[in-house]
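From just these sequences and the hints, can you work out the full model?
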Amino acid sequence: MTAAKLYWWASESFWKKMAIWITAASAVVLIFLTFDTVAKITAGSKRVPAYSVINHRIDYVFDEKRNHQVPVIGPEEPLFGRKLSEEEAAALVSKGKLTVQAKNCMNCHTLLGNGAYYAPDLTKAWLDPAWGSKEVREQLMVDFLIDPSDKLHNVLGRRMPKLGITEEEAHAVVAFLKWMSAIDTNGFPANFKPIEQSDTPAAANVSSAPAASQAAGAAPESTPVQ
Amino acid sequence: MLQPVELANFFTVFFSAAMVILFGALYALLFAWSRVSRRPWLMPWAYAAYAGLAASVLVLGRAANLFDGGLWTVVISLMLIGYLLAPHGVWHLCVGTHAHTGPGDT
Amino acid sequence: MATLGVLDSANLNGGQKLAVKYFTVAIALFGAQVLFGLLAGLQYLYPDFLYGVLDFSVNRMLHINAMVVWLLFGFIGAAYWLLEDEAGVPVVGLALGNLIFWVLTLAVTVVVLVYLLVQVGPGEIKSIWLINEGREYIEAPRWADIGIVVAVLVFFYNVAATFMKGRFTGIGGVLVLDLVALAGLYLAGMWYTPNVSMDQYWWWWVIHLWVEATWEVLVGCLLAYGLMKTLGVSRRIVETWLYIEVALLFGSGILGLGHHYFWIGTPEYWLAIGGFFSALEPIPLVAMVVHAVFDAGHHKLKSTNNPALAWMIAQAFGNFFGAGVWGFMHTLPQINLYTHGTQWTASHGHLAFFGAYATIVIAFVYLAVQKWRGNVWMSGEVVGSWRWKWAIFLLHVGIIGMTMALLIAGYEQSQIERAIEGSTWMGYFAAQAHPWFQQGMVWRMITGWIFAAGFLLLAWDLLTIGSRESRPARRLEPQEAMAAG
Numbered sequence: 001m002t003a004a005k006l007y008w009w010a011s012e013s014f015w016k017k018m019a020i021w022i023t024a025a026s027a028v029v030l031i032f033l034t035f036d037t038v039a040k041i042t043a044g045s046k047r048v049p050a051y052s053v054i055n056h057r058i059d060y061v062f063d064e065k066r067n068h069q070v071p072v073i074g075p076e077e078p079l080f081g082r083k084l085s086e087e088e089a090a091a092l093v094s095k096g097k098l099t100v101q102a103k104n105c106m107n108c109h110t111l112l113g114n115g116a117y118y119a120p121d122l123t124k125a126w127l128d129p130a131w132g133s134k135e136v137r138e139q140l141m142v143d144f145l146i147d148p149s150d151k152l153h154n155v156l157g158r159r160m161p162k163l164g165i166t167e168e169e170a171h172a173v174v175a176f177l178k179w180m181s182a183i184d185t186n187g188f189p190a191n192f193k194p195i196e197q198s199d200t201p202a203a204a205n206v207s208s209a210p211a212a213s214q215a216a217g218a219a220p221e222s223t224p225v226q
Numbered sequence: 227m228l229q230p231v232e233l234a235n236f237f238t239v240f241f242s243a244a245m246v247i248l249f250g251a252l253y254a255l256l257f258a259w260s261r262v263s264r265r266p267w268l269m270p271w272a273y274a275a276y277a278g279l280a281a282s283v284l285v286l287g288r289a290a291n292l293f294d295g296g297l298w299t300v301v302i303s304l305m306l307i308g309y310l311l312a313p314h315g316v317w318h319l320c321v322g323t324h325a326h327t328g329p330g331d332t
Numbered sequence: 333m334a335t336l337g338v339l340d341s342a343n344l345n346g347g348q349k350l351a352v353k354y355f356t357v358a359i360a361l362f363g364a365q366v367l368f369g370l371l372a373g374l375q376y377l378y379p380d381f382l383y384g385v386l387d388f389s390v391n392r393m394l395h396i397n398a399m400v401v402w403l404l405f406g407f408i409g410a411a412y413w414l415l416e417d418e419a420g421v422p423v424v425g426l427a428l429g430n431l432i433f434w435v436l437t438l439a440v441t442v443v444v445l446v447y448l449l450v451q452v453g454p455g456e457i458k459s460i461w462l463i464n465e466g467r468e469y470i471e472a473p474r475w476a477d478i479g480i481v482v483a484v485l486v487f488f489y490n491v492a493a494t495f496m497k498g499r500f501t502g503i504g505g506v507l508v509l510d511l512v513a514l515a516g517l518y519l520a521g522m523w524y525t526p527n528v529s530m531d532q533y534w535w536w537w538v539i540h541l542w543v544e545a546t547w548e549v550l551v552g553c554l555l556a557y558g559l560m561k562t563l564g565v566s567r568r569i570v571e572t573w574l575y576i577e578v579a580l581l582f583g584s585g586i587l588g589l590g591h592h593y594f595w596i597g598t599p600e601y602w603l604a605i606g607g608f609f610s611a612l613e614p615i616p617l618v619a620m621v622v623h624a625v626f627d628a629g630h631h632k633l634k635s636t637n638n639p640a641l642a643w644m645i646a647q648a649f650g651n652f653f654g655a656g657v658w659g660f661m662h663t664l665p666q667i668n669l670y671t672h673g674t675q676w677t678a679s680h681g682h683l684a685f686f687g688a689y690a691t692i693v694i695a696f697v698y699l700a701v702q703k704w705r706g707n708v709w710m711s712g713e714v715v716g717s718w719r720w721k722w723a724i725f726l727l728h729v730g731i732i733g734m735t736m737a738l739l740i741a742g743y744e745q746s747q748i749e750r751a752i753e754g755s756t757w758m759g760y761f762a763a764q765a766h767p768w769f770q771q772g773m774v775w776r777m778i779t780g781w782i783f784a785a786g787f788l789l790l791a792w793d794l795l796t797i798g799s800r801e802s803r804p805a806r807r808l809e810p811q812e813a814m815a816a817g
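Chains as they are written, first to last, in the working numbering: chain H, 1 to 226; chain A, 227 to 332; chain Y, 333 to 817.
Among the hints, erroneous ones may be present.
[As the list claims (entries may be wrong)] Here are the computed lysine-lysine pairs in the BS3-like style, where the Cα-Cα straight-line distance is at most 30 Å:
{"no.": "1", "chain 1": "Y", "residue 1": "497", "chain 2": "Y", "residue 2": "458"}
{"no.": "2", "chain 1": "H", "residue 1": "17", "chain 2": "Y", "residue 2": "561"}
{"no.": "3", "chain 1": "H", "residue 1": "65", "chain 2": "H", "residue 2": "134"}
{"no.": "4", "chain 1": "Y", "residue 1": "458", "chain 2": "H", "residue 2": "95"}
{"no.": "5", "chain 1": "H", "residue 1": "162", "chain 2": "Y", "residue 2": "458"}
{"no.": "6", "chain 1": "Y", "residue 1": "497", "chain 2": "H", "residue 2": "83"}
{"no.": "7", "chain 1": "Y", "residue 1": "497", "chain 2": "H", "residue 2": "16"}
{"no.": "8", "chain 1": "Y", "residue 1": "721", "chain 2": "Y", "residue 2": "353"}
{"no.": "9", "chain 1": "H", "residue 1": "95", "chain 2": "H", "residue 2": "16"}
{"no.": "10", "chain 1": "H", "residue 1": "46", "chain 2": "H", "residue 2": "95"}
{"no.": "11", "chain 1": "H", "residue 1": "134", "chain 2": "H", "residue 2": "46"}
{"no.": "12", "chain 1": "H", "residue 1": "162", "chain 2": "H", "residue 2": "151"}
{"no.": "13", "chain 1": "H", "residue 1": "16", "chain 2": "Y", "residue 2": "458"}
{"no.": "14", "chain 1": "H", "residue 1": "40", "chain 2": "H", "residue 2": "83"}
{"no.": "15", "chain 1": "H", "residue 1": "17", "chain 2": "Y", "residue 2": "497"}
{"no.": "16", "chain 1": "H", "residue 1": "193", "chain 2": "H", "residue 2": "151"}
{"no.": "17", "chain 1": "H", "residue 1": "83", "chain 2": "H", "residue 2": "193"}
{"no.": "18", "chain 1": "H", "residue 1": "193", "chain 2": "H", "residue 2": "46"}
{"no.": "19", "chain 1": "H", "residue 1": "46", "chain 2": "H", "residue 2": "17"}
{"no.": "20", "chain 1": "H", "residue 1": "151", "chain 2": "H", "residue 2": "65"}
{"no.": "21", "chain 1": "H", "residue 1": "16", "chain 2": "H", "residue 2": "83"}
Keep in mind that the hints were calculated from the coordinates and are not lab data.
Laid out in structure tokens, this is it:
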């Protein structure tokens, strides 16, 4: 056995230290980024709106500056015709999220693109043109959730099963989906064609302030024509 | 800041990305094999593989709109340099860590 | 010593006796993964199959949960396997470790029965505690989460205390620290929030930092030990390389987390971080290629256990293609915008999980069987060697076939559903109805059956290999640093 020169950069102790330092440095950077990110995705922030955003129309519009579609919070359009306080809205969306978890939605659908691929992505389900018109959408969604097994939206023989969703839970899931469609996802899904929501020329009166917490009070009072 | 890939370029992106990794591996393989088995005539082939890698990176960069002069161009440059130097660096490490038994001292 | 070729626990040390229990459950759960995968795959072709009885969501959940749990059981078993050998003393607190094995196995059984029989609950917090958490990969209800953490802590105690009492090798040190991270990260997935962006932010901490960081390092420890055992590589070299690997894997893997934060509501800087680390992540793989060639030039690949070595080589390739090639093809945000949430992910997942993890656990089970039968011959021409060779062949044909079929389906989906139709409900079904997708699902099923056949052959081989051997294992030439440590 020849005693060859052992370079410091090839020694066990050098790499042991490197392993520790690189891991620690990466972890510290991740923790800093986490503090920043958590603040920016807390409900009520610019990217993830407050739950009371469900009192408003939500659209998904191309933004020239950012070069992709972004959610736009529009005039007041309460879900199921009832304007909710921030607490009520939070409770309803939370009930919806709990239902989404308890019914295991994520093992057929994707939420924000994560989950299973047996059924459509739900990120913008609230804005999907397949619901026909915005007037019937809410009720169609509720009916579908309560018993989807014989509904038209099932395609290719794939039917969503009846999961024992109550009417209350169905309302809550719709609220959750409406709220989720207002999250700024950096343009995912791209090229999405939202359901027709503008009702009058007055629809141009759209507030682009995404912070629903502020918008809740200051939203333009455009009355839907119906 | 992002320019998503054009539909017509999807295949190019997938294919060139795969080729980046495969050429990267081929380059590393030929490079190491040439040295370990003392076959210097293999080395030009290793660099030919790297040329393939570089071409794939450039094609990928074009198809995925990475030549924006900003961060994504930096990523492209780092890939070109990183993949070129990695096998050299790792080879030195191999020789260094196997110092008692390595071909470096026989 | 007992007769060669007979399964006899007298051939094993205390930790190894526990290890083979974990391995047995792991292989059984591997079978469950295959079974529920087949059922879920069939439902793509025959949507009415088991509709309302075992819906796709249930089969798919069991398919992926069985995978997480069998790999985890395999890793825990492998760690107990090498523990006494590495530390040089009997396992500390082995009785507790044994107890926890039974508790864990019982808990897994209860969770599976609840998945199968109860399936879903009302939209209340108690459903999350008792039935199903409804979050991909970590669906286990909260009571089971707590059980898993307790079990991992006991496992950690066994490992750490044994190394403390005996000698703390490099492999031991990395293993102990990695287990702290493994247990700690699981906590990040154990709380409820209505905010889906926040939910997924922390959910990825568990999934990504387990699968692409701590699991990788754990496998690094196992491979280091495996290479010393099967090829007789010296400890100093193996451990130096283990540190290099830790530096590379954590250096690229921890912030590689960024590539999951493109589209879930998280800020735009993650696009840059994710893209940057994704582009550099294959460099460690390139490093491994150079090192493997260097090593192959050194050791003449005379191994004591051919099936185990074959599976370790399969690991190197599987990791390279599954994580490296398949990962890089769709990881840059410019293209991931269209591939995210399509069968692309499934294609990548199938090849990467099998290639990087299933392979190494199988290699360890082969090492275990060899010793369990009294360190029997398992080098060239072991009696009945066609079985392990055919098993490895069929499993690879199966997994590569499924990966390709899903790739074609995902390619079509990314174009039609994502890019052209813009991911609407109708766009989704337009893509699902496309011949490339439909035929992709057929081929996935055919290759799925091939994979299942490979699994059965593997199970048969693991039960029988070496039983008709009377030769003792090949002895490796003594190497310089066998004693160093």
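Hints, one by one, checked against the model:
no.: 1; hint: Y:497 - Y:458; in the structure: violated, 43 Å
no.: 2; hint: H:17 - Y:561; in the structure: holds, 26 Å
no.: 3; hint: H:65 - H:134; in the structure: holds, 28 Å
no.: 4; hint: Y:458 - H:95; in the structure: holds, 12 Å
no.: 5; hint: H:162 - Y:458; in the structure: holds, 21 Å
no.: 6; hint: Y:497 - H:83; in the structure: violated, 65 Å
no.: 7; hint: Y:497 - H:16; in the structure: holds, 22 Å
no.: 8; hint: Y:721 - Y:353; in the structure: holds, 25 Å
no.: 9; hint: H:95 - H:16; in the structure: violated, 49 Å
no.: 10; hint: H:46 - H:95; in the structure: holds, 23 Å
no.: 11; hint: H:134 - H:46; in the structure: holds, 25 Å
no.: 12; hint: H:162 - H:151; in the structure: holds, 11 Å
no.: 13; hint: H:16 - Y:458; in the structure: violated, 46 Å
no.: 14; hint: H:40 - H:83; in the structure: holds, 26 Å
no.: 15; hint: H:17 - Y:497; in the structure: holds, 24 Å
no.: 16; hint: H:193 - H:151; in the structure: holds, 22 Å
no.: 17; hint: H:83 - H:193; in the structure: holds, 27 Å
no.: 18; hint: H:193 - H:46; in the structure: holds, 23 Å
no.: 19; hint: H:46 - H:17; in the structure: violated, 41 Å
no.: 20; hint: H:151 - H:65; in the structure: violated, 40 Å
no.: 21; hint: H:16 - H:83; in the structure: violated, 60 Å
Hints 1, 6, 9, 13, 19, 20 and 21, counting from the list given before, are not met by this structure.
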